[in-house]
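Going down the list, the sequences are from chains S and X. First residue of the first sequence: 1, per this note's numbering; consecutive thereafter. First residue of the second sequence: 1001, per this note's numbering; consecutive thereafter.
Read the hints as simulated data drawn from the structure, not as lab findings. Any given hint could turn out to be false.
Quick list of in silico lysine-lysine cross-link-like pairs, DSSO-like style, CA-CA up to 27 Å [to be verified]:
| # | chain 1 | residue 1 | chain 2 | residue 2 |
| --- | --- | --- | --- | --- |
| 1 | S | K13 | X | K1006 |
| 2 | S | K65 | X | K1201 |
| 3 | X | K1486 | S | K51 |
| 4 | S | K46 | X | K1006 |
| 5 | X | K1201 | X | K1187 |
| 6 | X | K1486 | S | K146 |
| 7 | S | K177 | S | K112 |
| 8 | X | K1454 | S | K46 |
| 9 | X | K1116 | S | K51 |
| 10 | S | K65 | X | K1486 |
Chain by chain, the residues:
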Amino acid sequence: MKTFKVQTISRIKRYIPLYFMLLPGAAYLIINNYIPMAGIIVAFKKYNYQKGIFGSEFIGLDNFKFLFQTQEAWIITRNTILYNLAFMVIGTTFAVAVAIILNELNGKTMKKVYQTSILVPFLISIVVVSYLVYGFLSSNTGFINKSILEPLGVEGISWYSTPRYWPFILILVSLWKGFGYTSIMYYATLVGIDHSYYEAAMIDGANRWKSIWHITLPSLRPTITILTLMSIGKIFYSDFGLFYQVPMNSGPLINVTNTIDTYVYRGLMEIHNIGMSSAAGFYQSIVGFILILAANFIVRKLDSDSALF
Amino acid sequence: MRKQYKLTTLLLAAILLVGIFSGCSSNAPVATSGAPNASQDASSSDDTGESGVPEQEPYTVKIFMAGDATTEDCNLVAEALSEITVEKYNTTVQITRFGFGTYGDQVNLALSSGEKMDLMPNLGVSLLEGAHNGQILPLTDLLQEYGQELLEMITEEEWGCVTVNEEIYAVPNRKEHGGGMGYIVVKKILDETGTDPSTIKTQDDMAELFRKVKELYPNMAPLVSDGGSLDWFSVQKDDLGGDFGVLEDCLADDYTVVNWYATETFYNEVVRQYEWAQEGLILKDGSTNSEQGVDLLAAGMGFAMQTNTKPGVDVERELLIGREIEVIELVEPFAQTGSVSGNVWFITYNSERPGRAMQILNEIYVNPDASNLVINGIEGRHYVMVDEALGVIGYPEDASSSQNGYSSLPWAWPNELNTYTWESSYPDLWKDTEEFNQNINLSVAFGFIWDNEKVLSEIAACKNVLEKYKNALVCGELEPDETIAKMNEELDRAGMQTIIEEKQRQLDEWLATKD
Chain S
1 MKTFKVQTIS
11 RIKRYIPLYF
21 MLLPGAAYLI
31 INNYIPMAGI
41 IVAFKKYNYQ
51 KGIFGSEFIG
61 LDNFKFLFQT
71 QEAWIITRNT
81 ILYNLAFMVI
91 GTTFAVAVAI
101 ILNELNGKTM
111 KKVYQTSILV
121 PFLISIVVVS
131 YLVYGFLSSN
141 TGFINKSILE
151 PLGVEGISWY
161 STPRYWPFIL
171 ILVSLWKGFG
181 YTSIMYYATL
191 VGIDHSYYEA
201 AMIDGANRWK
211 SIWHITLPSL
221 RPTITILTLM
231 SIGKIFYSDF
241 GLFYQVPMNS
251 GPLINVTNTI
261 DTYVYRGLME
271 IHNIGMSSAA
281 GFYQSIVGFI
291 LILAANFIVR
301 KLDSDSALF
Chain X
1001 MRKQYKLTTL
1011 LLAAILLVGI
1021 FSGCSSNAPV
1031 ATSGAPNASQ
1041 DASSSDDTGE
1051 SGVPEQEPYT
1061 VKIFMAGDAT
1071 TEDCNLVAEA
1081 LSEITVEKYN
1091 TTVQITRFGF
1101 GTYGDQVNLA
1111 LSSGEKMDLM
1121 PNLGVSLLEG
1131 AHNGQILPLT
1141 DLLQEYGQEL
1151 LEMITEEEWG
1161 CVTVNEEIYA
1171 VPNRKEHGGG
1181 MGYIVVKKIL
1191 DETGTDPSTI
1201 KTQDDMAELF
1211 RKVKELYPNM
1221 APLVSDGGSL
1231 DWFSVQKDDL
1241 GGDFGVLEDC
1251 LADDYTVVNW
1261 YATETFYNEV
1271 VRQYEWAQEG
1281 LILKDGSTNS
1291 EQGVDLLAAG
1301 MGFAMQTNTK
1311 PGVDVERELL
1321 IGREIEVIEL
1331 VEPFAQTGSV
1341 SGNVWFITYN
1351 SERPGRAMQI
1361 LNEIYVNPDA
1371 SNLVINGIEG
1381 RHYVMVDEAL
1391 GVIGYPEDAS
1401 SSQNGYSSLP
1411 WAWPNELNTY
1421 TWESSYPDLW
1431 KDTEEFNQNI
1441 NLSVAFGFIW
1451 DNEKVLSEIA
1461 ACKNVLEKYK
1471 NALVCGELEP
1481 DETIAKMNEE
1491 LDRAGMQTII
1501 EEKQRQLDEW
1511 LATKD
């Protein structure tokens, strides 16, 4: 029996190369993500270029006031949360459905073609997408007004001045843009499911729906949980391009399309206050941090395999 | 075999590590040394404030400017300028220029990282912001020591427009200080309607003209919005530094600050725009239009756009539109603080020798040779003399405006009025501008500077409310009565009254010191 010391040394010798391989990535993470965390203090300071981050005056929670003081501020929080919840629920359901369908397809080439084409919207810049949407929704020349409503004899709708359609439009655009990416991730999990399960199910007399319900979905549960947990962490963030560019920054739509990011942009564009904008970022991340810890805690209690940590 | 494999892995990992660390360059920030130096320099005389100037140590002043220009051309211009400055001040000059799209980001990056720079225009940092967060240096003492000519050539009131907390923070550019309001119209269509522009005096006359144009061109909207806004009003209001709260009639002896959006005048303006939109005289969906007015007119998709008026505005826009145009002025020009503080030059906090920077700034302002160099470039390479006597220049034969390696932005440099004029404008432009400045009516609040520090949250909230309604209102897309009422209700909830009270308080304080 080797002594404890000899065992440890040989264990270290075995793992040293691995630790060395870890070093570059870890160094990057520490330098780029952990060390700058000290700068979070800017959110509580009145930033002065000559005094630097640590020398500037400490003003407590003053920078956060503009996020809570007015009615506007609560509308943006409501908008951000509701949109993100909608994206999570609808986005996940749709992506899972598409992944399952992809999995059920037979032709190998067609699978590849579909995979590539559903990924294309993800790669298009949101600014380009906003003009694509404009092509559909423009009042005079848009596709919907001119080629669908007009032949039907219905008067064209002024899309960019009517707020009530926009939650649906934005969810649709976000779905169209993002489903390719997330469904590929679910598809990757599905490909790894052991075929013997399906064969056993078929022998037992299960039809397609039953095998999806009892085999496919439970196998996807860990992946869905992890991805959902990660998006909970981002619940106070929003895609700026989606909420500012796609509605073409149209005034009447602002009540339904204003999120924390666009509110900060619109409010501080001319003021350029570093403390205030950091305060907004801090607010978003601290809420996400607390929520992710809480959600992970709950998940760990229910199903410890699926928890993130 | 296993040992070899382990060795290779170890080697690879080591190479990766070395790769990272060699990638980290050592760029020690100058920020920490900048601040103490600045205060030291302003009062100390290591630069010998007297006329022992050639005995100064050599130093390079770096100018961080905007506008398209190649590095090579900037270096050539800087070299030529250095010849003048080395002789006088033993100082060389370096010029860096970034295109407008990236200038703001680049200059803020340079300021945050403490990179070496001395002079910059206010195109990426605003006067108030820069003064409060320490990005720019106070210039009062520096001007006394090194900028005597600047103090002489710029009036007391104009210095007032760039004074924050009793310190001067910027040097105002010598250009037109004020403007009126009017319309630019395409001359060809104007002639077709048979209207004589000098008969148009009011907005109603313009409406008549628009109707005639609509008859001739039923598919074209006569008045187009400029990037979504139709923000020029036919009044002479002083914005008192922006951020809400204005003097409705700045030439009258009334110092009451009001919410512009709650005034009768604003209401009438919007009602008029609404009626015009109903008649089809304004571009449909004008508020979501992202094109510039000049582009729409150039493409033949409009007849008129709003504009400020000043000497030379017609030739300036004609260049951009590419068609013959006529300017119809409806509001007589006037000057407010913003007209002066709109284009200024700063000395940045990370300048190691602010005294030198001030000397160079003074030189560029006062010396026509220096001014011409930085604005127009090098004779023969960037321009050629067309008329020596009148001081008119043009592009060299083999070049055009798009190929010029050093774009000419007269309004952005300290002094455009002592330089040559381009043949695309007209020879007396600068003379007219000087006269324009002499005779212009000053707002009663000229020289008042607004400090928005205490009401930043309210401003952020009010701006969000304004974004919802303003553009759509002035483009005539929303029903005025209920929309304006709703907008003002929300503005009040967002803290409009707090802003107005603060502004009134500051204005009253300033008035007290004036008398």
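Hints, verified against the model:
no.	hint	verdict
1	S/K13 - X/K1006	10 Å, holds
2	S/K65 - X/K1201	48 Å, violated
3	X/K1486 - S/K51	44 Å, violated
4	S/K46 - X/K1006	53 Å, violated
5	X/K1201 - X/K1187	17 Å, holds
6	X/K1486 - S/K146	33 Å, violated
7	S/K177 - S/K112	19 Å, holds
8	X/K1454 - S/K46	12 Å, holds
9	X/K1116 - S/K51	17 Å, holds
10	S/K65 - X/K1486	24 Å, holds
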